[in-house]
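J.: Residues per chain, in single letters:
Protein chains: 2
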Amino acid sequence: MRATLIYGAGDIRVENVPDPVVHEGTDAVVRVLRSCICGSDLWPYASKPAEEQGDRIGHEFLGVVEEVGRDVTGLRRGDVVVAPFVWADNTCDFCREGLHTSCRNGGFWGAGDVDGGQGEAVRVPLADGTLVKLGVGEDSALLPSLLTLSDVFPTGHHCAVTAGVNERTTVTVIGDGAVGLSAVLAAKRLGAEQIILMGRHEARTDLGREFGATDVVAERGEEGMERVRELTGGDGTHTVLECVGLEPALDTAFGVVRAGGTVSRVGAPQYPTVKMGFPHFLKNITLTGGVAPARAYIEELLPDVLEGRVHPGRVFDRTLPLEQAADGYRAMAEREALKVILQP
Amino acid sequence: MRATLIYGAGDIRVENVPDPVVHEGTDAVVRVLRSCICGSDLWPYASKPAEEQGDRIGHEFLGVVEEVGRDVTGLRRGDVVVAPFVWADNTCDFCREGLHTSCRNGGFWGAGDVDGGQGEAVRVPLADGTLVKLGVGEDSALLPSLLTLSDVFPTGHHCAVTAGVNERTTVTVIGDGAVGLSAVLAAKRLGAEQIILMGRHEARTDLGREFGATDVVAERGEEGMERVRELTGGDGTHTVLECVGLEPALDTAFGVVRAGGTVSRVGAPQYPTVKMGFPHFLKNITLTGGVAPARAYIEELLPDVLEGRVHPGRVFDRTLPLEQAADGYRAMAEREALKVILQP
Numbered sequence: 001m002r003a004t005l006i007y008g009a010g011d012i013r014v015e016n017v018p019d020p021v022v023h024e025g026t027d028a029v030v031r032v033l034r035s036c037i038c039g040s041d042l043w044p045y046a047s048k049p050a051e052e053q054g055d056r057i058g059h060e061f062l063g064v065v066e067e068v069g070r071d072v073t074g075l076r077r078g079d080v081v082v083a084p085f086v087w088a089d090n091t092c093d094f095c096r097e098g099l100h101t102s103c104r105n106g107g108f109w110g111a112g113d114v115d116g117g118q119g120e121a122v123r124v125p126l127a128d129g130t131l132v133k134l135g136v137g138e139d140s141a142l143l144p145s146l147l148t149l150s151d152v153f154p155t156g157h158h159c160a161v162t163a164g165v166n167e168r169t170t171v172t173v174i175g176d177g178a179v180g181l182s183a184v185l186a187a188k189r190l191g192a193e194q195i196i197l198m199g200r201h202e203a204r205t206d207l208g209r210e211f212g213a214t215d216v217v218a219e220r221g222e223e224g225m226e227r228v229r230e231l232t233g234g235d236g237t238h239t240v241l242e243c244v245g246l247e248p249a250l251d252t253a254f255g256v257v258r259a260g261g262t263v264s265r266v267g268a269p270q271y272p273t274v275k276m277g278f279p280h281f282l283k284n285i286t287l288t289g290g291v292a293p294a295r296a297y298i299e300e301l302l303p304d305v306l307e308g309r310v311h312p313g314r315v316f317d318r319t320l321p322l323e324q325a326a327d328g329y330r331a332m333a334e335r336e337a338l339k340v341i342l343q344p
Numbered sequence: 001m002r003a004t005l006i007y008g009a010g011d012i013r014v015e016n017v018p019d020p021v022v023h024e025g026t027d028a029v030v031r032v033l034r035s036c037i038c039g040s041d042l043w044p045y046a047s048k049p050a051e052e053q054g055d056r057i058g059h060e061f062l063g064v065v066e067e068v069g070r071d072v073t074g075l076r077r078g079d080v081v082v083a084p085f086v087w088a089d090n091t092c093d094f095c096r097e098g099l100h101t102s103c104r105n106g107g108f109w110g111a112g113d114v115d116g117g118q119g120e121a122v123r124v125p126l127a128d129g130t131l132v133k134l135g136v137g138e139d140s141a142l143l144p145s146l147l148t149l150s151d152v153f154p155t156g157h158h159c160a161v162t163a164g165v166n167e168r169t170t171v172t173v174i175g176d177g178a179v180g181l182s183a184v185l186a187a188k189r190l191g192a193e194q195i196i197l198m199g200r201h202e203a204r205t206d207l208g209r210e211f212g213a214t215d216v217v218a219e220r221g222e223e224g225m226e227r228v229r230e231l232t233g234g235d236g237t238h239t240v241l242e243c244v245g246l247e248p249a250l251d252t253a254f255g256v257v258r259a260g261g262t263v264s265r266v267g268a269p270q271y272p273t274v275k276m277g278f279p280h281f282l283k284n285i286t287l288t289g290g291v292a293p294a295r296a297y298i299e300e301l302l303p304d305v306l307e308g309r310v311h312p313g314r315v316f317d318r319t320l321p322l323e324q325a326a327d328g329y330r331a332m333a334e335r336e337a338l339k340v341i342l343q344p
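Top line first, the protein sequences correspond to chains U and A. Residues 1 to 344 (UniProt numbering) are what the first sequence spells out, left to right. Residues 1 to 344 (UniProt numbering) are what the second sequence spells out, left to right.
Honestly, the hints are just simulated from the structure, not real lab data. Quick reminder that beta carbons are idealized off the backbone N, C-alpha and C, glycines included. None of the hints are false.
With a straight-line cut-off of 27 angstroms between C-alpha atoms, the simulated BS3-like cross-links for lysine-lysine are:
(1) U/Lys275 to A/Lys48
(2) U/Lys188 to U/Lys133
(3) U/Lys275 to A/Lys283
If you want the ones that stay clear, here's a sample from chain U, every Cβ over 12 angstroms from chain A, calculated:
(4) Gly10
(5) Asp11
(6) Gly69
(7) Asp113
(8) Asp128
(9) Gly137
(10) Asp304
(11) Thr319
(12) Pro321
Chain U on its own, in the form it takes in the complex (with noise of 0.2 angstroms):
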């Protein structure tokens, strides 16, 4: 089959490489129909050393199940599914408790020899634990809607879940890519009333309004900042989504954030530490989130999108063709594009 690799920095191929086979009596094989490039993986895409062998790449993706190993008990040959970003047991006290990314048994899609999600077909180990039935065809129009369940919905769900966001908080988003604009939808199904969205690329915070953004802030670094504290009286935002992972973007998370509030993370931090000393320290500020369990919240989440009352997959703006794939990275390395699905 084809699938994606990567090489090292901005070398992205589509080769060939082995159809995958039930090898445990756990694993599944699934037929992918909709895959997508992530922002994690523009980190790669931006430094990864160049190598002589390349990586399996991706780990967003829904499609048809194949074949099931004989212990696999919940799904069926013809289901349609979807895979959340890592794989896990959905039984372990970790994933009882919610925290799927820290499975007693589970993995990254992509590592070791478990394929990557930007190929024709997976192999998916634990797949009773990991799959979520979707209850659609092959055709459905929700589709990029129901891709977004892997990954990037859940991320600004948890963004917003674990920042404490409901009815009563104000909340900022800093970042105006396709997590930071999940986290504003996210929000305000959550019930805030005031989002404030931290972005500079109109097309984006545009489609940030949509989503529920209330408030647009262009402006960067200290005049960002007295911007959100002046559309809150002075006292910056309950909660705060911070959507990027670069250390500025985490500085200003702490210049907005309310006494007592709290900032949440979801952007993969590229800084080994954090400025909060002292005056955070008086200001009672918590910092908190991390890699989303989107495995957690998928089913919370499904039926809000099978009935229409978010359309989360608005974050796609570019279709491509699976063996497109480098152009896909390019266009979303340059913003060109807002976030690319791939289509076997």
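Please arrange chain A on chain U, whose structure you already have, making use of the hints.
T.: Chain A only, in chain U's frame:
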């Protein structure tokens, strides 16, 4: 009257200062029955540059209302009251949210023209909001435990509450000072079943066991972390209460917190940055805590003290006359005394 002043590191003096009088209609004057020395007083005692003019010091006291301003409605001469370590109006939005340390009209003892707590009397601003009536007499045997409501017990409680301690969480407490021991007591009171106390001063950890610690780990650094992990099946604890304020203690906290867990800090941070990068993100670790809004907790904790269900005053192991304040500081700095009461 007589009051304690700090002139610089190691230089504590008890001197004559003006008698406090009611300035504002919302003031009260309280004659101090007991005050005490805080671990946080030891930071300036260790490092404050020498100055010609001394600064008033002390922020934990209880006493008798001697005089009230014309706008004070909830207090009368003769009431025995405790003061939280930050004065506050108890009516602004932050106070209503339980964050009295960020009160829009409050402030710190010993700052500006406000008295410090280690003296014979104190002018209390916003007395109706700040002071809590204790309903005991001047000679109550409970005064030491009631005095802890000023700071150390609510600080331990804040640490446990913000960490999310309950009957289902395992707990590590880092630090066997008065705050750490109070955190043990608070965690036990909130229902925690496993409470691991990290500390190496046996007299203190023995009191920690009486307060509810189920395990004591005397080792430090990597060895201590390994010991906590052994005690928790390799995982660490759901909550870690960091009651020291130094960077190695925070490093230890991150080393023993379970994936998905929370570190809460109530030791005033003596560091500008926190090592909290990608590994912590991957484990969904939360850092919370801060300066404790003692005022928010006094009404909740008071009945347990009055009815003898908890004895937080056991953290005091020495009582000195106010005139010997300097000796109290020395004894605490040299870890000869755990926590010292000053009695005018």
